Structure formats: C-alpha cells, structure tokens
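Visitor: Each chain, letter by letter, is given below.
2 protein chains.
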Amino acid sequence: MLGLMQDWPLLCHRIIDHAALNHAERPVITRSIEGPIHTTNYAALRARALRVAQRLERDGIKLGDRVATLAWNTWRHLECWYGIMGIGAVYHTINPRLFPDQIAWIVNHAEDRVVMIDTTFLPIVEKLADRLKTIERYVVLTDAAHMPATALRNAVPYEEWLAEADGDFAWKYFDENTAAGMCYTSGTTGNPKGVLYSHRSNVLHSMMAAPADAMGVCSRDVIMPVVPMFHANCWGLALTSPMIGAAVVMPGAKLDGASIYELLDAYRVTFSAAVPTVWLMLLQHLEATGRKLPHLRAVVIGGSAAPRAMIQKFQDEYDVEICHAWGMTEMSPLGSLCTIKPEYAALTGDAKLDVQSKQGHPPFGVEMKIVDDDDRALPRDGKTFGRLKVRGPSVARRYFKEDSGAVDAEGWFDTGDVATLDCYGYMQITDRSKDVIKSGGEWISSIELENLAVGHPKVAEAAVIGIRHPKWDERPLLVIVLKQGQTATKTEMLGYFAGKVANWWIPDDVAFVDEIPHTATGKIQKTALRDRFKTYAFPVAAAE
Amino acid sequence: MLGLMQDWPLLCHRIIDHAALNHAERPVITRSIEGPIHTTNYAALRARALRVAQRLERDGIKLGDRVATLAWNTWRHLECWYGIMGIGAVYHTINPRLFPDQIAWIVNHAEDRVVMIDTTFLPIVEKLADRLKTIERYVVLTDAAHMPATALRNAVPYEEWLAEADGDFAWKYFDENTAAGMCYTSGTTGNPKGVLYSHRSNVLHSMMAAPADAMGVCSRDVIMPVVPMFHANCWGLALTSPMIGAAVVMPGAKLDGASIYELLDAYRVTFSAAVPTVWLMLLQHLEATGRKLPHLRAVVIGGSAAPRAMIQKFQDEYDVEICHAWGMTEMSPLGSLCTIKPEYAALTGDAKLDVQSKQGHPPFGVEMKIVDDDDRALPRDGKTFGRLKVRGPSVARRYFKEDSGAVDAEGWFDTGDVATLDCYGYMQITDRSKDVIKSGGEWISSIELENLAVGHPKVAEAAVIGIRHPKWDERPLLVIVLKQGQTATKTEMLGYFAGKVANWWIPDDVAFVDEIPHTATGKIQKTALRDRFKTYAFPVAAAE
Numbered sequence: 005m006l007g008l009m010q011d012w013p014l015l016c017h018r019i020i021d022h023a024a025l026n027h028a029e030r031p032v033i034t035r036s037i038e039g040p041i042h043t044t045n046y047a048a049l050r051a052r053a054l055r056v057a058q059r060l061e062r063d064g065i066k067l068g069d070r071v072a073t074l075a076w077n078t079w080r081h082l083e084c085w086y087g088i089m090g091i092g093a094v095y096h097t098i099n100p101r102l103f104p105d106q107i108a109w110i111v112n113h114a115e116d117r118v119v120m121i122d123t124t125f126l127p128i129v130e131k132l133a134d135r136l137k138t139i140e141r142y143v144v145l146t147d148a149a150h151m152p153a154t155a156l157r158n159a160v161p162y163e164e165w166l167a168e169a170d171g172d173f174a175w176k177y178f179d180e181n182t183a184a185g186m187c188y189t190s191g192t193t194g195n196p197k198g199v200l201y202s203h204r205s206n207v208l209h210s211m212m213a214a215p216a217d218a219m220g221v222c223s224r225d226v227i228m229p230v231v232p233m234f235h236a237n238c239w240g241l242a243l244t245s246p247m248i249g250a251a252v253v254m255p256g257a258k259l260d261g262a263s264i265y266e267l268l269d270a271y272r273v274t275f276s277a278a279v280p281t282v283w284l285m286l287l288q289h290l291e292a293t294g295r296k297l298p299h300l301r302a303v304v305i306g307g308s309a310a311p312r313a314m315i316q317k318f319q320d321e322y323d324v325e326i327c328h329a330w331g332m333t334e335m336s337p338l339g340s341l342c343t344i345k346p347e348y349a350a351l352t353g354d355a356k357l358d359v360q361s362k363q364g365h366p367p368f369g370v371e372m373k374i375v376d377d378d379d380r381a382l383p384r385d386g387k388t389f390g391r392l393k394v395r396g397p398s399v400a401r402r403y404f405k406e407d408s409g410a411v412d413a414e415g416w417f418d419t420g421d422v423a424t425l426d427c428y429g430y431m432q433i434t435d436r437s438k439d440v441i442k443s444g445g446e447w448i449s450s451i452e453l454e455n456l457a458v459g460h461p462k463v464a465e466a467a468v469i470g471i472r473h474p475k476w477d478e479r480p481l482l483v484i485v486l487k488q489g490q491t492a493t494k495t496e497m498l499g500y501f502a503g504k505v506a507n508w509w510i511p512d513d514v515a516f517v518d519e520i521p522h523t524a525t526g527k528i529q530k531t532a533l534r535d536r537f538k539t540y541a542f543p544v545a546a547a548e
Numbered sequence: 005m006l007g008l009m010q011d012w013p014l015l016c017h018r019i020i021d022h023a024a025l026n027h028a029e030r031p032v033i034t035r036s037i038e039g040p041i042h043t044t045n046y047a048a049l050r051a052r053a054l055r056v057a058q059r060l061e062r063d064g065i066k067l068g069d070r071v072a073t074l075a076w077n078t079w080r081h082l083e084c085w086y087g088i089m090g091i092g093a094v095y096h097t098i099n100p101r102l103f104p105d106q107i108a109w110i111v112n113h114a115e116d117r118v119v120m121i122d123t124t125f126l127p128i129v130e131k132l133a134d135r136l137k138t139i140e141r142y143v144v145l146t147d148a149a150h151m152p153a154t155a156l157r158n159a160v161p162y163e164e165w166l167a168e169a170d171g172d173f174a175w176k177y178f179d180e181n182t183a184a185g186m187c188y189t190s191g192t193t194g195n196p197k198g199v200l201y202s203h204r205s206n207v208l209h210s211m212m213a214a215p216a217d218a219m220g221v222c223s224r225d226v227i228m229p230v231v232p233m234f235h236a237n238c239w240g241l242a243l244t245s246p247m248i249g250a251a252v253v254m255p256g257a258k259l260d261g262a263s264i265y266e267l268l269d270a271y272r273v274t275f276s277a278a279v280p281t282v283w284l285m286l287l288q289h290l291e292a293t294g295r296k297l298p299h300l301r302a303v304v305i306g307g308s309a310a311p312r313a314m315i316q317k318f319q320d321e322y323d324v325e326i327c328h329a330w331g332m333t334e335m336s337p338l339g340s341l342c343t344i345k346p347e348y349a350a351l352t353g354d355a356k357l358d359v360q361s362k363q364g365h366p367p368f369g370v371e372m373k374i375v376d377d378d379d380r381a382l383p384r385d386g387k388t389f390g391r392l393k394v395r396g397p398s399v400a401r402r403y404f405k406e407d408s409g410a411v412d413a414e415g416w417f418d419t420g421d422v423a424t425l426d427c428y429g430y431m432q433i434t435d436r437s438k439d440v441i442k443s444g445g446e447w448i449s450s451i452e453l454e455n456l457a458v459g460h461p462k463v464a465e466a467a468v469i470g471i472r473h474p475k476w477d478e479r480p481l482l483v484i485v486l487k488q489g490q491t492a493t494k495t496e497m498l499g500y501f502a503g504k505v506a507n508w509w510i511p512d513d514v515a516f517v518d519e520i521p522h523t524a525t526g527k528i529q530k531t532a533l534r535d536r537f538k539t540y541a542f543p544v545a546a547a548e
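These protein sequence lines map, in sequence, to chains A and B.
Quick note on my numbering: the first sequence kicks off at 5 and runs consecutively.
Quick note on my numbering: the second sequence kicks off at 5 and runs consecutively.
These are computed hints drawn from the structure, not numbers from a lab.
Any given hint could be a false lead.
Any copy, or any two copies together, can satisfy a pair, since identical chains are not distinguished.
[Stated by the list, open to error] The calculated lysine to aspartate or glutamate pairs, modelled on EDC-like cross-linking and capped at a C-alpha distance of 16 Å, are:
id: 1; residue 1: LYS131; residue 2: ASP105
id: 2; residue 1: LYS137; residue 2: GLU496
id: 3; residue 1: LYS373; residue 2: ASP21
id: 4; residue 1: LYS442; residue 2: ASP512
id: 5; residue 1: LYS442; residue 2: GLU519
id: 6; residue 1: LYS258; residue 2: GLU478
All of these numbers come straight from a predicted model, not from anything done at the bench.
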C-alpha cells in the first residue's frame, strides 16, 4: 500500500524558488572577474536564472544537453547553474587546472554543446578550440565592455546574450532522477570519469549538508564558498546556501590570503570552506599583518587531510571552529564531517585535536563500512582498518558512458581509501587502498609510517611503499629525503620506529633519495615511486 | 537523461539503522507507565525494533497492514513504530482523547489488525471491543508482572510477546512511497479523515525539521517530545531525534507541571516541544516553586497559537528561546517555524515578540501561498490575508479511502486557514476560513476582533461570527460574556473598537450571553454559536 502524500519531485530549481520567496533580499556578493564588488540577492538571481533558462532554450538546449562551465565562483556562475538545471539540461563544471589534453577529452566525452566561460580561462580554451567538436557556442561571462577579442565559435558576451531573454518563462518539470550536474574525476590512471548528479541527489545532498552535525549553517550565516564550483560540486554550497537562505560571498578569481581576508572582513563572513592550501595562505597573511577573524565562526577543511597544526591555529589563535571533512566527487561530495558528538564534547587541547584530525562521521544518508580483501565487514573499533565502502542517495552508481556499474552487488561504492571506523561513527583515512602494504595477510598503513618518519629531526620528507617479498607478499620500504646537510644510517632510521608501531610494521629497508616525486596538487606520487623501485629487492637477510 | 546516482529509497528504518551505528550509546530515557525511569539507547532500541518486526510477521502482519497504537511517548512506543514500519506495515496512532465513538469508527475505517496499547487506555478499548471488528490481537505495552486482567481478544503482555522473537531478522525493502504511518484528523464536521504518511514523506519531513531555521536540533541536544506520538505524528520528533542522534527523554503518561519539570531538570533536557496548555502548567509550577530552567535551551510551541505572554515569560524569566510553530496532521505536520531571520536579528522586546507571535516561515520543502475566493494569489505584504494553501512532499494529496483528491488542479492543499504572508516568508494565521467574515467582497478577521474585544476590561470572553446581511453578504456580530458583576451597553462595547480597526470592520451589533460554547480542547465552537444565532437578524438601522 502506498502513502497518500503529494508527489513533489526534488528538483534543484525549487531551491532557488524557495530562496527567492523566503529569503528574497539576502545578499549574494561577488568579487567580480572584472574587478569591482558586485551585489545582488536571491530574488534577482532567480529572475536572471530564468532568463538563462529561456535563453538556453532559444539556443536549442534541451532536456539532457550538457552545458559546460569553466568559471570561478561568481553570481553569474550560480545563476547559470540554476538556469541550466531549470530546463533539465546538465551543468558540467570543468576544472581549469586540469591538463589541456584532459579538458579536451572531457568536453568531447561529455559532448558539451555550450561553454559558459570566464575571461580568465579563454586562453586555455582558445588553444583547444579546434579539438572541441561538439561546442556550438561560447558564452563569455562578462559584459560587452569587458569582452576580449576572441576567435571562439559564436562567442558572445554573457550580458548581451542574456539581454535577449525577457525572463517571462517558467521552469520545466520532470522526474527528480533527471540529470542535473556533471563533474569528471581524474584518477591517477586511465581517462577521467564523469559523475552524473541527479536533481534528487543534489537536493538530498543539500538537505544532508545543512544540519548542525554536518555543515551547521543557517539563514543568519554569511557563507563564503572558497572551494570552487568546479571542484567536486562546490561541496554542495551552491545549493545548500540558498536552500537555507544564507547570504553568500563569492570570491571570484582571487584566492590569495590578502584577497580572502579582505572579503572575510568586509562582508563579515561567518562560515567558509576550502582546501588546506587556501587556509595556509590566509594564515600566513594573518600572521604577516597581525589581523584577526572576529566574524568568522566556522570553517570546513577538506579536499585533503587538514593538518593538525592548522586546526589548532584556527581554534586557539583565531577562535574559529574547524570542521574537518571528507568526501569524493562521486559522493556529491560530502561523506563525513568532523563535528563533535556529545561523547567528545568535554574534550579540550590535544584530546580534542585527536578527534578533529579524523575525517568525521557520516550524516544520515551516507552509509559507511570497512571490509577486508574478502569483502567481510570489519569491526568498528577505531583501530582495525579496511577498504572504505559507501552507499547513499548522493553516491554514484555508475560513471557516464560506462557500461558496467561502479558498485558491488549490494550497491556499495568502493572509495579506494583505507580507513578505520570507531563506535561513534568517526572515520579516519589511514591510506589509499592501492598504497596500503599487505604483509602476511595483514595490512600496514603507509601513511602512518610516513607521518612517524617525518617526525624524525633529520627527515625532510618520507614515503613508504610496498615491495614484493617472497614470504610476506609485500614488505614496507621507507624512502627518505634528509634535511639539507644531514646524514643518517638505515639502522638509525629504522630504530626510530621501535616502540612506536608494532614490530612487524617496521620497514625492512631504507632508501635515501634526493627527491620524492609529487603530483600537480603536491601529493606524493606513489605510482612514480613504485615505478622507480620496481627492480628493487630487499637484502637477503631482510627477505627471510 | 537520468542521473547516475544510487537508488537508495528513503525508508524510515534507515533512520534507526543510522542512529544505532553512529549514535549507538545515545540514551533514550522514559518515565515508564509502570512508574520507574527506564533507560536504553539507540543500538538496543533498534535491536528490539527488529524483534517487533519479526514478531509482527509471525502474527501474519504484512506489507500495508495497519497496526494501531494507543500509547504514550515511551521507548516501547518508539520501537513499535520502527518495527511496524520495518516490514512495510503502517503505524496508526490513535488519539485516546477522542470520543469513544470516534475511536471505534477510526479503528474500523483503518481496518487495524493489531492494537499496541498502554495499560492506561485499556478501559477505553474494553468498552469498545465488541465493535472493533478487525482487531485480531491486543499487545499490552508492559511486562507479565504488570499485566492487568483483561478480556480483550488475544491480549498479551508486550514483553512476553516480544520474547518470542530472537531478533535474527532483517528489515524489508520496498518502494519509498510505501505507506509508513497513519493519523486521523477530526474536523468539526463529518467523520475523521485518515492521513497516510509514506516512508518518503516521513524521511523528507525529518530532514526538513532538523536544520537551525526549523527545529534546530543536533546530536548534543537532549530532546523531550512532550507532544504525544498520537498527536500529529509527534511533530516529527520520533524520527528527527534518531536521525540527528539526539538523546531523547520520553515523558510517558505524566504531563503535569511538576512531572515535566522533574524530567527537564534530572536529564538536562535542552529542547522540548508541546502545546501551550503543557507549558502553562510548567510555568505555573515554576512560579509556585521558584525553580529555574538552566539546561533548557529552546522550546517549540504549536498546536494552537502561542500566547505572547508565554513567549515573553519563557524568554525573559527563564532564558529559554521560544519557537512558535504551525502545522497540520495533513502536513506531517510541520508547516512553518518562527525562527529569527537576519532581517529581524537585531529586534528585542516588543518588536521581537511581534515577530515571534507569527506562526513562522516554511522550511525548504513547504510551499505556501495565500489566495482570494477566486483562487488568485494575493500579495505577500504582511497585511493582505487570504486562504492559505500549501504544497510539498510531506503534504497530503488524498485522504485514506476517499475517492477524490484533497488538492486542487495545481496540487495545492487548502489548509482551511486564513493568513498573511510577509516579504520575508513569515506567515500569520488571522482566521479559519470558515470563520472569516466576508463583507462586501472584503474579508474581516474574526480572530482579530475577538482579540481586541477581550482587551476591554469588562469582557471575560468574546466571539465574533458572520451574520447574513442583505447588502454586504455578511456583517460581524460580537458575542460577549461579561466578567462577573459587570454591566455594559452595546454602544460602549462597539465604541471600544473605534480607531483600533478600520471602521467597516466594527461589528454591527453585540449579543451579551452567559456562556460561549467550547470544543473538548477548549477552542470556541463557532459552529454551535452560529447555530444559536441562525435566526438572528441585524436591527434595521444596521442592515442598511
């Protein structure tokens, strides 16, 4: 027997409708790409989003078509998202930091028909234009006065293009499972993979993000999403903010410490979210200038692990509460947020930081489990670690144009991370599953060994990789870059681990190197490192 | 084109799964019907809910079957809800305060197969048992030691019944639109009407209720739902609390001021919700004893309008923030909550109370509009009032076993209330639509005139009803009960309105009476009053 409640599909444009009616005058402030600060509000933004929808329709864009955006966080980018979604087309955010070849591959794979592009990114696309077969039009997100000369096909300044629509238009209505947004995730191997968000997944994700134990934002907040809209769906903030009626400050193209500080201060931002790199720049700026953060209440840090010292500095020196978060493009992206549950509410100092260094706990709507290599669930004891699998209405089940699903028979998505879960639901990443070292059927966390090694006073950087071993399958090799002018022996280095980890975790050998390879985003490139040591064999004594 | 996210139906038992995994040890404390305080937690509650599900299945209860509950707020009632929903059966909460005839009618109409019943309510049902044709079994919510003698069919103490299931059981999975719960609403005319909640509507409603601008609750809260589970779905708190992992204090059968205070104090309750009558009893107890409320952070008041003086007293004398709320059984039930948006954040004193006296603003997922008699939308100016219509995923579209829908062609449900909406989304009820007086095509609020009239020092109670008028269709008649020993003239009474309302709002005549009829819940019974004055005609002078 079915219930008798209304059929009210979860459509993303209902979010901007709600904001325009109930939070009409709430400001949306942008540091525009042209320079000046631009201010609008949700009522005006919705009106322009309707014009975007109307204008796209006139260009022949229809249900299911992909419209790419290559743009910073601005009010224009925001109204484009709603306008695109409001006719059932799909916003496809492209990360301009990708290699040009990847961008070309992604645009062609997505079969984007239109690109909405900031002037900043024109040079990238101009070099690729010949290879972008499906693009019919480039809408440059500026006005006629600021329109650069460009040979891009049918390029038009956004404001002129938009002026051709009068806004006398109504949203389209369709199934809530209709595609709404798209974001490619670039793994370390193979081609990028397209994640295809639905209206339903975006709306549910926004509802999951709002409460106190997740983002914890409300209509009295001024939210600055520094995390770009092209980075993993802007961590949901482009939808959560209007849903709850918060004011929004969009940082545009300038993400340096001074520029971010200026906006935080001038617009009394209470809540922000970004990767550690951004906060590092801000903290350096604050230290250099002696400024404080009297308005900022809370900051979400994700994208990569939040350094403990960063959490501590924000909280102790600037009275800003840090929420460590974890997610994936495939998860819309929120997976866990590290707010403090009552069991930990009395903690202070190091004990609190220990908790906050974890990636947090899942909100309702995200299921997590850890499993061993045979897919058996492992205990939630905060110590045992296993492959982290997730499930939920805002988790991907398949990549765009892939024939096979991305989930197992029970619907679980393998995150590729190795983690612990504790009895309160807190998750901590201990490794990537391809980096974990499998020794005699047990797992050794490469990250934990690396974190220990860099604690040695002579070590500048350390990496641990698994090396084939005749008896144990794999054993850890410690790769070390010493600090300038230091010398050390293998025995000295390995002795440092004694008493700090189980004996069988201690690496079997040490390789001193001049440099450890890094990815574009500064992470250790384990694949390259493994490649370099692919012919390495442990000394005979160690191999026994 | 559809998105490629996971199909993860919104099922209510996923809520208790989430709580049991992520908030396992959070306490659920009950003042038991037997007397002592009982403590359990979400992990244990889920385990027992699974046994309820398993045991119901053994009794032959299956998808779509209705299981009635006639019970106070206790841990047993809570685990019954989840157990019932977990096999796709429907919890049907019966309000024991209804007339026995209504209860019999409702049980037969719902075709309930089992009744889960507190010992308190056995006498009610024993008198009706012969008429309850569909009931196969009565499960009495107590243990064998406290089981009263009863002749009810197949009556069994809950704990014995439950002991026959070992809990080795898994929830059923089904479409999220499957019926989950049922609650009858008793209008002033006709038979009660059954509202049939779905799993989807219950889950979405809980997600709407949690954020700061709605209930504003989190895992660090200790929530006491004083509003009964048999009253309009417990305002969602039986689902929202485990969803966000809050501790719960269940007040059982004792809702008097002293008992409520005792729980608030002993278990450091931070958040509660109830009708004004309950809070009146609590405030009287506090005044009589000089106690304070150091732990209580916020209280939601709904069910009927929160008196201004009550809001003021809670906030000024006890430092408890009041959230005035409005809803309907047909809305799951939340419609609006009066949290303070930034536009009003600086208000204090009377200006703040003016806002808080409104019924509040809708969360995302509730659409509201006001319309005139021709169904044209009226302006959101905070002054114009019209019929309040609502729409959303947790609003009813049809009543149980009714052939015709309860919504208009565009899906709007008419609340039967007359209200204003302001530009910030705040709604204020000004009347019931059947009580509003339609004079010359314009509407006059009976409630506003009544509120004014009782401000007159000689008036004990006042009611205003519309009387047929040859020229204006209807004109207001003021019905007054004077205070003991007072006398007054019609001219004196009507003169009191001068300058306080528009001249054409002033009633055309006054009827002095000894008593005004009331409903069981203390509201003015306008139908009875109109009946009494059905032959009344205005004096000739007034009728011109």
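Visitor: Each hint needs a verdict: does it hold in this structure or not?
Guide: Each hint tested on the structure:
With identical chains, the CA atoms of LYS131 and ASP105 are at most 16 Å apart within one copy only, with a shortest distance of 10 Å there and 80 Å across copies. When the C-alpha separation of LYS137 and GLU496 is checked against a cutoff of 16 Å, the pair qualifies neither within a copy, at 58 Å, nor between copies, at 84 Å. Taking identical chains as interchangeable, the C-alpha atoms of LYS373 and ASP21 lie at most 16 Å apart only when they sit on different chains, with a minimum of 13 Å there against 37 Å within one chain. For the homomeric pair LYS442 and ASP512, the shortest alpha-carbon distance inside one copy (13 Å) is at most 16 Å, but the shortest distance between copies (90 Å) is not.
Taking identical chains as interchangeable, the C-alpha atoms of LYS442 and GLU519 are never at most 16 Å apart, the minima being 25 Å within one chain and 85 Å between chains. Proximity of LYS258 to GLU478 under the C-alpha cut-off of 16 Å is found in neither arrangement, the shortest distances being 46 Å within a copy and 65 Å between copies.
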